[in-house]
Amino acid sequence: MLRITLAGVRLHPLRLVLTGIVVVLSVGFAAGSLVLTDSLSQAASAEGAPKADFLRFLLLMLGAVSLIVAAFVIANTFRITVAQRTREIALARTMGATRRQVATGVLIEATAVGLAGGITGVALGVAAGSALGVLTADGFYEVPIVVSAPAILWSLAIGLAVTVGSAVHPAIAASRVAPLAAVRAVPDGADSPGAGRVRVRTGLILSAIGAMLLMAGAALPLAGYGLVLVVPGAAICFLGILVLGPKIVPPLLRAVGCALAAVTRPARTTTRLATANAARNPKRAATTAAALLIGVTVVTGFVTVAESARSSIGVILDQQVPADFVVTTHGGGGVPATAIEAIEALPEMGASVSLYRTTATSLEIGDVEVAGLDLRRYDQIARVTGDGSLDDVAAGGAAIDDVTAQRHGLAVGDPVTIGDRAFLVAFVADLRSLRLGGVIVPPEAFTALFPDVGGPEQFAVDAAEGVPVAKARAAIEAIAQELPDVSVHSNIESRQELNRQLDLAVSVVVAILGLAVLIAAIGIANTLSLAVHERTREIGLLRALGVTARQTRAMLGIEAVLASVTAAVMGLVVGVVFAWAAVSTIPNLEFTVPWGRLALCALAAGMLGLLASAVPARRAARLSPVAALATE
Amino acid sequence: MTTQSHARHSPAPTGSAAIRAVGLVKVYGEGRTAVRALDGIDVEFDAGEFTAIMGPSGSGKSTLMHCLAGLDTATSGRVLLGDTDLTGLSDTALTLVRRQRIGFVFQSFNLLPTLDARANIELPLQLAGQSADPVWFDHVVEVLGLGDRLTHRPSELSGGQQQRVAVARALVSRPDVVFADEPTGNLDSRSGAELLSFLQASVLELGQTVVMVTHDPYAAAYAGRVVLLADGRLAGQITEPTADSVLAGLRGLGA
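Protein sequence lines, in the order shown, are assigned to chains A and B.
Residue 512 in my numbering is what sits at position 512 of the first sequence, and the numbering runs on without skipping anything.
Residue 170 in my numbering is what sits at position 170 of the second sequence, and the numbering runs on without skipping anything.
Calculated directly from the structure, the hints in this document are not laboratory data.
Every residue gets a Cβ at the ideal spot worked out from N, C-alpha and C, and that includes glycine.
Treat the hints loosely; a few may be bogus.
[Unchecked claim] Straight-line C-alpha distance at most 25 Å; calculated SDA-like pairs for lysine to any residue:
| no. | chain 1 | residue 1 | chain 2 | residue 2 |
| --- | --- | --- | --- | --- |
| 1 | A | Lys247 | A | His169 |
| 2 | A | Lys247 | B | Leu115 |
| 3 | A | Lys247 | B | Thr151 |
[To be verified] With the Cβ distance kept under 7 Å, some of the chain B side facing chain A (calculated, not the full set):
| no. | residue |
| --- | --- |
| 4 | Thr95 |
| 5 | Pro124 |
| 6 | Gln126 |
Same shape as in the complex, but just chain A (with noise of 0.2 Å):
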């Protein structure tokens, strides 16, 4: 059986190589994580600093969806060279090999590449993970490199597991291939019709109960609680996907390449071809697709709630009047008077308005935030939305908060009673516009109920019109410099470090997700690979009915690109579903989906599955049409 084992590896280095080089990736990436992470938890014990423990947490969650992708693809190679030898496996049979010995050979060649990729990725991920941690070293932070035996082991275990698992079903697929098949014909590397009942019954009921669990999460109002019901939601939704995908995926591909058809009128038939080989194997395609859908769906998800967050930053810089700056003071007594008559008098600023605040009780309410505030200037700043009139809030009325107002069962003309006064509520604002709950009286009602609360806890104002920020902050800091205490800031500028902080979050994130999508696009190229030597007379057909060399790469190309858009939209299509049910469960997030940077995403995977079908295409357009056809 090793000898049929070896013949099989002769057979299709390169599909060994890709296999192994996806291997070497998901294992080094883990080998990596574990050792930085080890290293620099040595370092920050040593300094009494808490470890790594997140870092760790978060790259091996990365790392797994890293793994999961491998999964797919090893399982796809597995499963296509098996149906290829399957000739070769019934004469092994016919010869007296039992089904273990056949089976055994699958798995000793996964766990050949197994070994030998983990080997190699343990190797390249020890020296980078030791190099990242040698670069997060400085003249302070020394960070000695810790490479653990335990390390070591579960990656290489890792490594062993995934790829030897992946190939327990095509080895178990191999043990039944009958003697027989040896003789009968074998059709052109067509499986099993793809979607049998059970499946379909099998991916719809996982769909729809992840699909009632997300909406669930997405609707009730749990309050913050509905993530534990979106994100099992959301993977047996994502499992039932996948489940369904030999029905899915076909269909999907036929309408994006009669899209494509459309679209290129002169290659239309070069196109047409490819859509029809592309889906021509309902499992294959679906397996394919799968790689890549995880890994889309994963960054899609992810770049979609960071983009919710980004827009919501100013929801997130809670309690602070969203002007250009924010004067604060470090002393009792708040704001200085002669601070802010200095800035109002500076021809660079604009409008301004003082925000009093203070806890109180409320006879209505109980424990309650009390604002005063100015809501004509502050809605000159932004604007507030609600019902009511902010002028009678002036003349010495109250504003609540909608929360507030709904949980209290209070409305316009109510009374809100605070200390021993009585205010009628003339306005309900929207806290969203607003960023302030509680109840908001007049600055001249809070001070005359509060004395003791002294100046504004916040003086906020905008440049003038016109006025760079940047030329309206160093005025204003020339006043704060001069007083004690008092310090401005810039909510556009906090907002531009949140942002960068957000970004620079988001590239790493999805630069690691990255590695995942390149072990789906090593995907691609393998099933390619594949299927161009399961094509061989196919190719050499096309070849002598006058298929030019270029329109044979041009039809793998497509092939290729058609795998990967499908997937991709597939994964847009959900991540953002994903992300919308997990942006709702967070109050105050609004959801925002960032369609320029998923097309950039549709277009990278464009991009990647051109790039995976070069060597096949290009090794499919050099077969000469004579020896092509003449091959068994």
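Assemble the complex: chain A is given as a structure, and chain B must be docked to it using the hints.
Frame of chain A, contents of chain B only:
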């Protein structure tokens, strides 16, 4: 090329060569292991003629067909398709010649499994960005009895039907020459005879030029002429062949 397409529509006068080989040599390998598969062949195939190429295994008959059909390039010598010299053409130019001026019927695996019969028949024309002349298409399909099989995939067709689809594909673009490589090799005798009658009819009634490689004397008897090959050289020809005269001729070659 325009003069060629003109020639395709009017029955060519007999005697004018549709395709010919001049001093054709094909050597495989190099040095001491080199094999001369074709050793200086001069042969002509007239327009509107049905010719069978015969010879024992290894005589070079398939190699000759591959070189004539622009599937393979000769080591030396020339192949002239009408006025076009195929010997100097680039791979792409050769491909375009095959697409537009040559039809093929192979022994097996003639059809793309992903396309239905109609799409298979129209493939070479579609590649050239043309569509089939509907009258001609219907005629060919009707003559070959494929009318109710056009929407079937190859896997849903019998061996004989698959070969007929291949013949329809070869005829529908009205090529200068149809090359058939053991077209009946995988068929039972009845389907084989049927297919050969179609090829014969395409020559006699439609003026098509057909060159067929075969090792079957009964198949060769359908042709108007048999060219015999041995050891990469021309070894005679038989006009108005019968199975017996072909067998006798082959025996003369020591086969």
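Holds or violated: is there a CB of chain A closer than 7 Å to the CB of Pro124 of chain B? holds (5 Å)
Measuring from the C-beta of Thr95 of chain B to each C-beta in chain A, is the shortest one below 7 Å? holds (5 Å)
Is the Cα-Cα distance between Lys247 of chain A and His169 of chain A 25 Å or less? holds (20 Å)
Do the alpha carbons of Lys247 of chain A and Thr151 of chain B lie within 25 Å of each other, as the hint requires? With Cα atoms ~23 Å apart, Lys247 of chain A and Thr151 of chain B stay inside 25 Å; holds.
Does Gln126 of chain B meet its interface restraint, that is, does its C-beta lie within less than 7 Å of any C-beta in chain A? Cβ of Gln126 of chain B sits 4 Å from chain A, so the hint holds.
Please verify whether Lys247 of chain A and Leu115 of chain B have alpha carbons no more than 25 Å apart. holds (20 Å)
When held up to the earlier numbered hints, the structure conflicts with none and fits them all.
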